[in-house]
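Chemist: In order, the protein sequences belong to chains W, E and G. Mind the numbering: the first sequence is residues 33 to 349 in this note's numbering, read in order. Mind the numbering: the second sequence is residues 1246 to 1540 in this note's numbering, read in order. Mind the numbering: the third sequence is residues 724 to 1073 in this note's numbering, read in order.
Among the hints, a few may not be true.
[Unchecked claim] Some residues of chain G that are not near chain E, with every Cβ distance over 12 angstroms (derived):
id	residue
1	Pro731
2	Ala741
3	Arg779
4	Ala857
5	Asp935
6	Pro974
7	Ala1037
[Stated by the list, open to error] Derived coverage of chain E by chain W (criterion: at least 3 residues anywhere in the stretch with Cβ under 8 angstroms from a Cβ of chain W; other residues may be distant):
id	stretch
8	1304 to 1312
9	1480 to 1489
10	1522 to 1532
Read the hints as simulated data drawn from the structure, not as lab findings. Model, not experiment: these values are computed from the prediction. Where a beta carbon is used, it is the ideal one built from N, C-alpha and C, also for glycine.
If you want the building blocks of each chain, they are given just below.
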Amino acid sequence: MFRYFIRRVILMLPVAFGVSVICFLLVQIAPGDPLTAIMPVDATADEQAAMRAIYGLDKPLPVQYAIWIGNLFQGDMGNSIATGRPVAGEVFGAVQNSLLLAFSAAVIAFPIGIFLGFLAGYFRDTLLDRTVTAISIAGVSVPNYWLGIVLVIIFSVNLGWLPSMGAGPGGSQDWAWDWLHMRHLVLPAVTLAVVPIGIVARTVRALAGDLLTQDFVMALYAKGMSRGDVLRHVARNAAATALSVMGLQLGYLLGGSILIETVFNWPGSGFLLSNAIFQRDLPLLQGTILVLALFFVAMNLIVDVAQAAIDPRIKRS
Amino acid sequence: MAALDTQLVEDPVSEAGKGYWSGVGARLIRDPVTMICLGVVLLLILSAIFAPYLGLADPYKGSMVKRLAPIGTEGNILGTDEQGRDMLARLIYGGRLTLFIGLTPVVLAFFIGGTLGIVAGYAGGWVNTVIMRTVDVFFAFPSVLLAIAISGALGAGIVNSLVSLTIVFIPPITRVAEAVTSGVRALEYIDAARASGANTLTVIRVHVIGNVLSPIFVYATSLTSVCMILAAGLSFLGIGVRPPEPEWGLMLNTLRSAIYVNPWLSALPGVMIFITSLCLNLLSDGVRSAMNVRD
Amino acid sequence: MSETKTLPDTTPDKGGPAQPLLIVRDLVKYFPVRGGILGGKKAVVQAVDGVSFEVRKGETLGIVGESGCGKSTTARLLIGLLEKDKGEIIYDGQALGSRLSLRDLRRGVQMVFQDSYASLNPRLTIEASIAFGARVQGLSDPVGRARKLMDRVGLAPERFAQRYPHEVSGGQRQRINIARALAMSPRLVVLDEAVSALDKSVEAQVLNLLSDLRREFGLTYIFISHDLNVVRYISDRILVMYLGEVVEIAPVDQIWTSQAHPYTRSLFSAMPSMDPDNRTKEPPLAGDPPNPINPPSGCRFHTRCRFAESVCKARVPALKPLTAGSEHLAACHLHDLGSGHSKAGKEMLP
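Using the sequences and the hints given, assemble the complete structure.
Modeler: Here you go:
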């Protein structure tokens, strides 16, 4: 197991390197001179050259990358152009809020998805199955940023039950586990949960349906095992795949929450990202994307290792 | 009993071969859900193409007097937007850019990713390693994040949206194409074709492409719905289509300010995105089962 | 005159009847095995290790051995589907890679594979599959050629030409594969387990077809199989492989009555006898073949051989004629008087 873990970590390193290269190149593909945002309009050519040297922009790209990655390892992701504050601090604060939102959505989505998917898989080709299938197709087809708006219309505008903006009363940025704050979480978390409900339900339905028709299930019934015990066996067999799908979905929730955070003004990484884009704050854009992508890479690693821990067949392949 | 029955059944006969495409067509026609979805998608595409001939109001011409007229207003059957422009006209004209930006990247990625995957799968060795390891890196980004990152860096614009979405969908298509191709590559008819002295290009053209294209195609169709949602999402964020062009995502964004004045009106563009993406998904499922491609 | 009859457009003979059609010298193919933490090259499988033999014009050479002994790898090397690591392949006096290009080799050598379904493109009609090779080789009238050959292998072109592989039976598919190989007008056909997957009754029909075709078109066959009875039926000479090496070559009658190598003997004794008076007395071969990643030293069979002595472990036996000028060759210290084996020359294997 440990060997497998080490192997996965080593295999992950080139991917992490590639991710950092892409994030570095993001700033390079951006049109315009990165200096224009910080230089006064009337700066002389000499002043520009001096500034260029200070930021290392006169050096060849690989050297710039080396400097950037070197700073990164010391926790320095540069300063935000808009606020002047270090990017690292801004990103980590926002990522915490995003994680809170992503986990809340997962807590809603996974049990519902598993339950619906199992029902559909167990009662295959019944009305129940078709209903669940319809729900899951609608779930994966819905543009969730629109769904968020619809929920706001219903629960905030029409009914006035829940707030539609921010993470706390009066635009407070500090989270607390009380109802005043948590009611701000309800709508974005539910909105974000809809797509993974569809995907998890679909996966579990296929898994349960396939496993229940397999010979070993027949053999378990044949030897007189009770229905509940058979289902436990099936669940264990389905666990590895279901787990990996859910792990990846958690990663997608984190990366995919950008649109939802914009809809609800949720002060997370997505909100930060859309501000960065809007203000052409490239260091902030770069730093946020790097942190989110590395989170996703780490999530993949955890999923792989957890899957191998549950299903010994995976380790060998 | 079930196990015994399956053993008695003869080898499953492949659906490929004579009458394959007519068989697919016949199965599609017998599938009402797929046919309805096909009809809706075709209707949306045709109405978008022929929008100027439908006798609609000018989608760009606003009116300060008629701002945010509710649904059912005389002369503006679906109301007007925050600048008093006719919603029906804007929704139908909006299909032009939304569908164009929503579908083109998948087509481009199908050709680029399909080629990369077939080359990687057929060549194997270091060519495969270079292509597939690069693809792995792009897989490290959730698709939404990657699209927003590239579009965010490049800035708003139709071409930039097309570029970023194409980049997002190349890796998954490459991966599927590579897997399917290396499966076919291992079959003996490829060996037999190589042993007949045919060069690599001929072997790929005659023996590989015909056998890998339909699974890659079916997979690509399953991406169209996500691509639509993402494309509109980019415009919704303000990094896709620029105002005043009618586009569903952008309209959804600009109408958000009207949410307290005329809430249901502001949700209309999203309904269009939802219907389109739902139909694309169901259509793809229908094509998949008609072509008998397994997941 | 019937002996000079060939398929249309066959490449003309160059070396005369005495020149073997194919000479294989010290053929070597190792496959790297990846593993370890970084997936680097860890070890090699010695799939084919120093194989040498000749195939004469017009004969059928049978190749037998357990699965994994390197039979199929040898076949794939001969037709250039795999690249050899070392050794020479000489076709009608011309060495591959120097005077003979791979493309020319494939004009002269064709192959029929075991899996009749996997070896036909499911998207091509039968006619198109057969005509494909002739077309890429630029032979005249590929479709007409395909239809004639379909007729010759017993598939009426008017009924079968436009069908697809899944619409015909396994035996018919293997006839198509034979026609496909012959459409290139080869002189040598490598049949890799070509009848092994067929029902017994169909197998006999296809074997008869192969014999007829050989006589009719002056073909030469390399017939690879694990079924000794089938090999005996069709072959003039038999070559036995064990763990990537040749252990014995002999005319079929000689090897059928007296096997020189202990491995060949156990292989033959594993075959059930039809005659109750002629029961198998040899004990069956114990255990699995050793791992070809780390083959035993010396004679590779010594780990399973009941005659094994220290010399067998120490030195690799050479493939030699049993007596001077004999066509019966074996690689065993028992038959080499100077080998130092205590029973050398004494233990005359029946």
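Chemist: Now tell me if each hint is right for this structure.
Modeler: Going down the list of hints, with the structure as the test:
1. Pro731: Holds, because the least Cβ-Cβ distance between Pro731 of chain G and chain E comes to about 17 angstroms, which exceeds 12 angstroms.
2. Ala741: It holds; Ala741 of chain G is separated from chain E by about 28 angstroms at its closest Cβ, greater than 12 angstroms.
3. Arg779: 22 angstroms, holds
4. Ala857: 8 angstroms, violated
5. Asp935: Given a closest Cβ separation of 22 angstroms, the condition holds.
6. Pro974: Correct as stated: the minimum Cβ-Cβ distance to chain E is 29 angstroms, above 12 angstroms.
7. Ala1037: 39 angstroms, holds
8. 1304 to 1312: violated (count 0)
9. 1480 to 1489: Coverage by chain W holds here, the residue count being 4 at a Cβ distance below 8 angstroms.
10. 1522 to 1532: With 6 residues close enough to chain W, the hint holds.
When held up to the earlier numbered hints, the structure conflicts with 4 and 8 and fits the remainder.
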